[in-house]
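**Q** Sequence:
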Amino acid sequence: GTTTKYEIDTAHSNVGFSIPILGGLSHVRGKFTDFAVTIVYDDRDVTKSSVTAVIKAASIDTGIERRDAHLRNADFFDVEKFPEITFQSSRIEKKGKNFIAHGTFTMHGVAKEIALPFTLNGVRKDEKTGKTTLGATAAVTLNRRDFGISFARPDNPTFLGDTVEVELNLITRAASPQ
36 GTTTKYEIDT AHSNVGFSIP ILGGLSHVRG KFTDFAVTIV YDDRDVTKSS VTAVIKAASI
96 DTGIERRDAH LRNADFFDVE KFPEITFQSS RIEKKGKNFI AHGTFTMHGV AKEIALPFTL
156 NGVRKDEKTG KTTLGATAAV TLNRRDFGIS FARPDNPTFL GDTVEVELNL ITRAASPQ
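Residue numbering for the sequence shown follows the numbering used here, beginning at 36 and increasing consecutively.
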């Protein structure tokens with residue numbers, strides 16, 4: 036077995052989220068555009084693998100500049116004080132064909148243990164270069180209030196939901212020798 040270090044191909048990856056508004060009448064979608072993910076993959080025993088992710092909070096992008104500016108300020112992410120959102124796995128568990136990364140997720144200065152279910156979409160070897168590419172998808176639902184992001188509109192307290200669906204679509208390329 037070999038252990039390979041993979042680093043994110045940001046151009047072909049997406050760190051997205053969705054949050055309900057008006058009691059679930061609609062959802063606002065967004066993404067973070069500046070992030071780094073490193074996966075250390077053990078092909079003989081995936082449970083010995085690990086994942087580290089660092090997302091720059093200021094890179095939030097919901098497509099509306101005024102809203103993004105508000106999301107960056109102290110009402111929400113407070114990016115000056117808490118520039119990074121991070122995940123560091125402590126162990127990987129196999130669940131049937133899928134996996135769960137257990138570890139510490141830190142957002143807005145609050146660290147919590149979470150379970151991040153993910154699917155390994157495959158590992159493909161480039162015949163020319165001999166380098167491998169690994170693809171993975173993960174999804175998790177978080178409550179923003181658990182991380183101290185409790186902003187609500189005074190005129191309409193239920194306008195913004197508490198549950199945030201996070202979806203990760205990751206393509207990584209081998210950074211270390213095969």
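These are calculated hints, taken from the structure and not from any lab test. The reader is advised that the hints may include incorrect statements.
Said to hold, decoys possible - Here are the simulated lysine-lysine pairs, BS3-like style, with alpha carbons at most 30 Å apart: (1) K83 x K147; (2) K147 x K40; (3) K116 x K166; (4) K83 x K116; (5) K83 x K160; (6) K40 x K160; (7) K83 x K130; (8) K132 x K83; (9) K66 x K40; (10) K116 x K160; (11) K163 x K91; (12) K116 x K132; (13) K130 x K166; (14) K130 x K116; (15) K163 x K147; (16) K40 x K163; (17) K130 x K66; (18) K166 x K91; (19) K129 x K160; (20) K166 x K147; (21) K116 x K163; (22) K40 x K91; (23) K66 x K163; (24) K83 x K40; (25) K91 x K66; (26) K40 x K166; (27) K40 x K132; (28) K163 x K130.
**Q** Work down the list of hints and note, for each, if the structure agrees.
**A** Verification of the supplied hints:
1. Restraint check for K83 and K147: the C-alpha separation of about 22 Å stays at or below 30 Å, so the hint holds.
2. For the hint linking K147 to K40, the alpha-carbon distance of about 25 Å falls within 30 Å, and the restraint holds.
3. Taking the CA atoms of K116 and K166, the gap is about 39 Å. The hint is violated against a cut of 30 Å.
4. Straight-line distance between C-alpha atoms of K83 and K116 comes to about 34 Å, which puts the hinted pair past the 30 Å bound.
5. The suggested pairing of K83 with K160 holds, with an alpha-carbon distance near 21 Å, which does not exceed 30 Å.
6. Between the alpha carbons of K40 and K160 the distance comes to roughly 14 Å, so the proposed pair stays at or under 30 Å and holds.
7. At roughly 14 Å between alpha-carbon atoms, K83 and K130 fall within 30 Å of each other, so this suggested pair holds.
8. For the suggested pair K132 and K83, the alpha carbons sit about 16 Å apart, so the restraint of at most 30 Å is met.
9. The hinted pair formed by K66 and K40 meets the criterion: a straight-line CA distance of about 25 Å does not exceed 30 Å.
10. Among the hinted pairs, K116 with K160 is inconsistent with the structure: their alpha-carbon atoms are about 41 Å apart, more than 30 Å.
11. Taking the CA atoms of K163 and K91, the gap is about 34 Å. The hint is violated against a cut of 30 Å.
12. Pair hint K116 plus K132 does not hold up; C-alpha atoms about 40 Å apart against a cutoff of 30 Å.
13. Between K130 and K166 the CA atoms are separated by roughly 28 Å; this keeps the pair inside 30 Å, and the hint holds.
14. Using a Cα cut-off of 30 Å, the hinted pair K130 and K116 is violated, with the two alpha carbons roughly 37 Å apart.
15. In summary, the hint linking K163 to K147 is not supported, as the alpha carbons are separated by about 43 Å, beyond the 30 Å threshold.
16. For the hint linking K40 to K163, the alpha-carbon distance of about 20 Å falls within 30 Å, and the restraint holds.
17. For the given pair, K130 sits about 28 Å from K66 by alpha-carbon distance, which is consistent with the 30 Å threshold.
18. Between the alpha carbons of K166 and K91 the distance comes to roughly 28 Å, so the proposed pair stays at or under 30 Å and holds.
19. The suggested pairing of K129 with K160 holds, with an alpha-carbon distance near 23 Å, which does not exceed 30 Å.
20. For the hint linking K166 to K147, the alpha-carbon distance of about 35 Å lies beyond 30 Å, and the restraint is violated.
21. With a C-alpha separation of about 45 Å, the suggested pair K116 and K163 falls outside the 30 Å cut-off, and the hint is violated.
22. Between K40 and K91, the direct Cα distance comes to roughly 22 Å. Compliance with the 30 Å bound is thereby established for this hinted pair.
23. Taken as a hint, the K66 and K163 pair is broken in the structure, with Cα atoms around 33 Å apart against an allowance of 30 Å.
24. Annotation: proposed proximity of K83 to K40 holds, straight-line Cα distance about 12 Å (limit 30 Å).
25. Of the supplied pair hints, the one linking K91 and K66 holds, its CA atoms being roughly 11 Å apart against a limit of 30 Å.
26. In summary, the hint linking K40 to K166 is supported, as the alpha carbons are separated by about 11 Å, within the 30 Å threshold.
27. For the hint pairing K40 with K132, the CA-to-CA distance comes to about 22 Å; that is within 30 Å, so the pair holds.
28. Pair hint K163 plus K130 does not hold up; C-alpha atoms about 34 Å apart against a cutoff of 30 Å.
In summary, the structure is inconsistent with hints 3, 4, 10, 11, 12, 14, 15, 20, 21, 23 and 28 from the numbered list given earlier, while agreeing with the others.
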